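Asks: Here is what each chain is made of, one letter per residue.
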Amino acid sequence: MANGYIGKILTIDLTTQEVGEIETAKYESWGGGEGMAAAIYWDLAEDKTLTDGTDPRNIIQIMTSPLTGTFAPSAGGRVRVSYVGLWGWPVGYLTGSLIGGRLGSMIKFAGWDGVVITGKSETPVWINVIQDKVTFENATDLWDLDTWETQEFIWSDVMERELGEWNYLGTGRDDGRTTQRPAIITTGPSAEKYGPWSALIHDAGQAAGQGGSGGVFASKNLKALSIYGTGGVEIADPTGLMEARQWVRGFSASGNLDDLKTTAMSVPMGSSQGVAAVGYPEGMKARVHGCSGCIRNCKGRTERKMGNESRCLDFLWYSSFDMAAHKGAKTDAVLVGCDQVQRLGINSYPMMSTVLWLKALYENGILGVGKQIESSLPYDLIGEEEFAVALTEAIAYNLDIGADLALGLWQCATKWGRLEEDVASGWLPLQASGYVHHYDARHETEWGWGNLFQERDHNMHDFNYFVFWAPTIWGLMGMEPEVSAERMAEIISSKMVPFNDDPNLIDHSDEGIYSDSMIKLVRWHTYYQKYYKESLVFCDYTYADFINPYGENMEGVTPKAEEWLTEAVTAKGEKFEDGIALGRKIYNLERAIWTLQGRHRDTEVYGEYNYNPSAAPFGLATYEAPYTVPMRIDGEWVYKSTNSRSLDKVKVEDFKTRYYAAEGWDETNGWPTRATLEELGLDYIADELESYGKLGA
Amino acid sequence: MEVLTPSIEQAQRTLCDVATGDIIVGTVFTPRSGQMPARMKSVHEVSQFLEDLTGRDYAVVSRKNIHHIDYSSLVTWIRDTVGDSDLATVVDELISDGRAFGMLSGEVKEVLSDRVRQCERVLGPSLTEEGLE
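Just so you know, the protein sequences line up as chains A and B, in that order. Numbering of the first sequence is given in the numbering used here, commencing with residue 1 and proceeding in unit increments. Numbering of the second sequence is given in the numbering used here, commencing with residue 1001 and proceeding in unit increments.
By construction, these hints were calculated from the structure, which means they are not laboratory data. Heads up, some of the hints might be wrong.
Stated by the list, open to error - Counterexamples of contact, computed for chain A against chain B with all Cβ distances above 10 Å: (1) Gly232; (2) Lys327; (3) Glu363; (4) Glu384.
Unchecked claim - Here are the simulated SDA-like pairs of lysine to any residue, each with C-alpha atoms no more than 20 Å apart in a straight line: (5) Lys640(A) to Met1103(B); (6) Lys1041(B) to Asp380(A); (7) Lys327(A) to Val1018(B); (8) Lys1064(B) to Asp380(A).
As the list claims (entries may be wrong) - Example chain A residues on the side facing chain B (calculated, C-beta under 7 Å, incomplete): (9) Phe153; (10) Ser156; (11) Met159; (12) Pro378; (13) Tyr379; (14) Leu399; (15) Ala403; (16) Trp469; (17) Ile473; (18) Pro481; (19) Gly664.
Quantities reported herein were computed from a predicted structural model and do not represent experimental measurements. C-beta atoms are modelled at their ideal positions from N, C-alpha and C, and glycine is treated no differently.
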């Protein structure tokens, strides 16, 4: 039956250069993406306790979902890359990263639901997949090329003709032809030198960033994977999918160009196209660009070919320094910084914190020429193009302090003997699991809890837009809130099946952040993330859409959109709550793997700065910016800033105990119990945990 | 309220860069993307950092950043670090009516910019060209 799946997953053993297939049907019950990858990892991993991502036994999986390659809006162009990572603290956990662009759809068009890569090649190779044919190509001459040079080389190698001309992928008339280029995912130059930082880049700026995916590729002597296909994706109900797409589009700015809402509540579905433009210098022209099948098209391609397909932290990591150095103006320095991380394949996410940390060390006489930490990088040129180039090249080529930084931030701070002091002060804001502060756990606590109980910065903005950005903008600008705090709580809670009988889920008051309601929110968020975002690969920039200016009574498309779009593709009769339940199952499977890797209650700790109200989360910043969130005080819902709030260690530990209990895990160590795993149909996992002596009591 | 014309010494102090350890830090909010610190070492830089925008500028079509600085900290910094109590008093009075940050941003920017121009006039081109760092 047509259900969005192609039916087979490509397996590639780099050690033997053998190619095979897995029947997708065996893993369909896990959805796709992260869920499917975790299930396959459980079955294929030679050693589930493995924590060294550079070990040849590590497994890289690039998994699509049934929605990938379809017109499911803000889902059709996405794919998830999974692997044992290189960045996490205290060890590398099974982790992964989502990536957009054309990669996922091209995998499907080539006739695969995913690619599973095992082993290690003896010599540098890149993998060339054209339809169902796989070849191993010599990558010796490509090894030191950057990500753009590598792709240019492979495009010219694979394509018969120029972009836009017909390319024939076989010899027969009906073997398939396309005007597209192959979709390539590649590391930067000699990525083994900066593995924890190394991202896989696709096209100009699509990245699987967190966890050192590029370093894992490099550890296998794998430079790149190129996929080229001309097939299609058969789905259950094409008409239904287009109806659902058009319905969803009606909630987006692109579907309402004649009636753009002038609202701060333009989150997330409702926000406009070309959001990346916020990163460009004033007046720079660009056209909007998006991933396959998207209705939002949040990225851009610019008139000067700088900053193409980048957005968010790709720009932000350097823009404040650029503006500080240039009287508040953004200059080409921000674009140079942006393109440097894309070309070198450096994860942009920790870059801003890194510059702030180095700046703090430099300005306090700890780092520099003749200082305790010897370095001759041009710190007096922070904000200029020269420093952006110098720092990124130092990391990528192990120059100056780059060899230390390349180890990863917590590893570098440990080597320099500064970990404890700088995390406590906030100069180096490692929030949890060795990942730098993204949003502040002291205020937007649901973000922090999500990070604490998972293996990386979860980077899920489902609540962030609503509970922080909109109220903060309203407050800063003196705008009348478009929805009251009470109405926001009502709308969001009503959509959070099966916890929708609790009206206090988004209470971010001093008590609310430790409440049983918050435990429910964190659980729902994780389940939603695990299934809808990371397994069915609904885009984080669009979903969940709780509140929307184009919706009746301001209600967004969640959960109707997720359920409708999935059903149109798969026709499994799956309800939204079924997906949430499956998210819980995926989470427990991953929790079991992390447990085998050494995860324990004692390793789920916040960086010390979170307990210090005066600690600056970003280097030398004072901490007076408002952080306005909804909360319930004396029975009344209000929006209120929580700045200067810190976490209470005793209450955090109590929250952990109650959270583990709510998940059905052992409260003393956070390990899954047999009862919980059996309830989820994961008896075989309980057996294996027990054999390792790691089954929760 | 107008700021009194400064003396030459006062004008020099007001236009000077403060020491590295005495900078004032604002925040650039990039809606729906992130926050970044913005570090400023002079009244002039603060005046350039602040923007005269309205709530409408943060709507769906404009995608503007918000350049935020805590006004109470700014007043303290101008008075105690920069050493311009007259300017601090004017800014303090301006912000005392409790309006939201964004509704005051343009006015605070204007006061700071006026003060910078006033100081530059007092010093004249030869003195400002010498550099005040």
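Asks: Each of the hints needs a verdict: does it hold here or not?
Replies: Against the structure, the hints:
1. Here Gly232(A) stays apart from chain B, with its beta-carbon at least about 34 Å from theirs, past the 10 Å limit.
2. At the 10 Å boundary, the C-beta of Lys327(A) falls inside the reach of chain B, the nearest C-beta of that chain being 5 Å off.
3. Residue placement check: Glu363(A) does not keep its beta carbon more than 10 Å from all beta carbons of chain B (closest about 5 Å).
4. Residue-level check passed: Glu384(A) sits 15 Å from the nearest beta carbon of chain B, beyond 10 Å.
5. Restraint check for Lys640(A) and Met1103(B): satisfied, since their Cα atoms lie roughly 18 Å apart, inside the 20 Å limit.
6. Between the alpha carbons of Lys1041(B) and Asp380(A) the distance comes to roughly 14 Å, so the proposed pair stays at or under 20 Å and holds.
7. Between Lys327(A) and Val1018(B) the alpha-carbon distance is near 16 Å, which keeps this suggested pair within the 20 Å criterion.
8. Taking the CA atoms of Lys1064(B) and Asp380(A), the gap is about 29 Å. The hint is violated against a cut of 20 Å.
9. For the restraint placing Phe153(A) at the interface with chain B, the shortest Cβ-Cβ distance is roughly 33 Å, beyond the 7 Å limit, so the hint is violated.
10. Among the interface hints, the one on Ser156(A) is violated; its C-beta lies about 35 Å from the nearest C-beta in chain B, farther than the 7 Å criterion.
11. For Met159(A), the interface hint is violated, since its Cβ never comes within 7 Å of a Cβ in chain B; the closest pair sits about 35 Å apart.
12. Checking Pro378(A) against chain B: minimum C-beta separation of about 16 Å lies over 7 Å; hint violated.
13. The interface hint given for Tyr379(A) is violated, since its Cβ lies 12 Å from the closest Cβ of chain B, which is over the 7 Å cut-off.
14. Given the 7 Å rule on beta carbons, the hint for Leu399(A) is violated: about 26 Å separates it from the nearest Cβ of chain B.
15. Taking 7 Å as the C-beta cut-off, the interface hint given for Ala403(A) is violated, the closest approach to chain B being about 27 Å.
16. The beta carbon of Trp469(A) comes within 5 Å of a beta carbon in chain B, closer than 7 Å, and the hint placing it at the interface holds.
17. Of the supplied interface hints, the one on Ile473(A) holds, with its beta-carbon coming within about 5 Å of a beta-carbon of chain B, less than 7 Å.
18. The restraint placing Pro481(A) at the interface with chain B is violated, with a minimum CB-CB distance near 11 Å, outside the 7 Å limit.
19. Hint status for Gly664(A) relative to chain B: violated, with the closest Cβ pair at about 35 Å, above 7 Å.
Of the numbered hints listed earlier, those contradicted by the structure are 2, 3, 8, 9, 10, 11, 12, 13, 14, 15, 18, 19.
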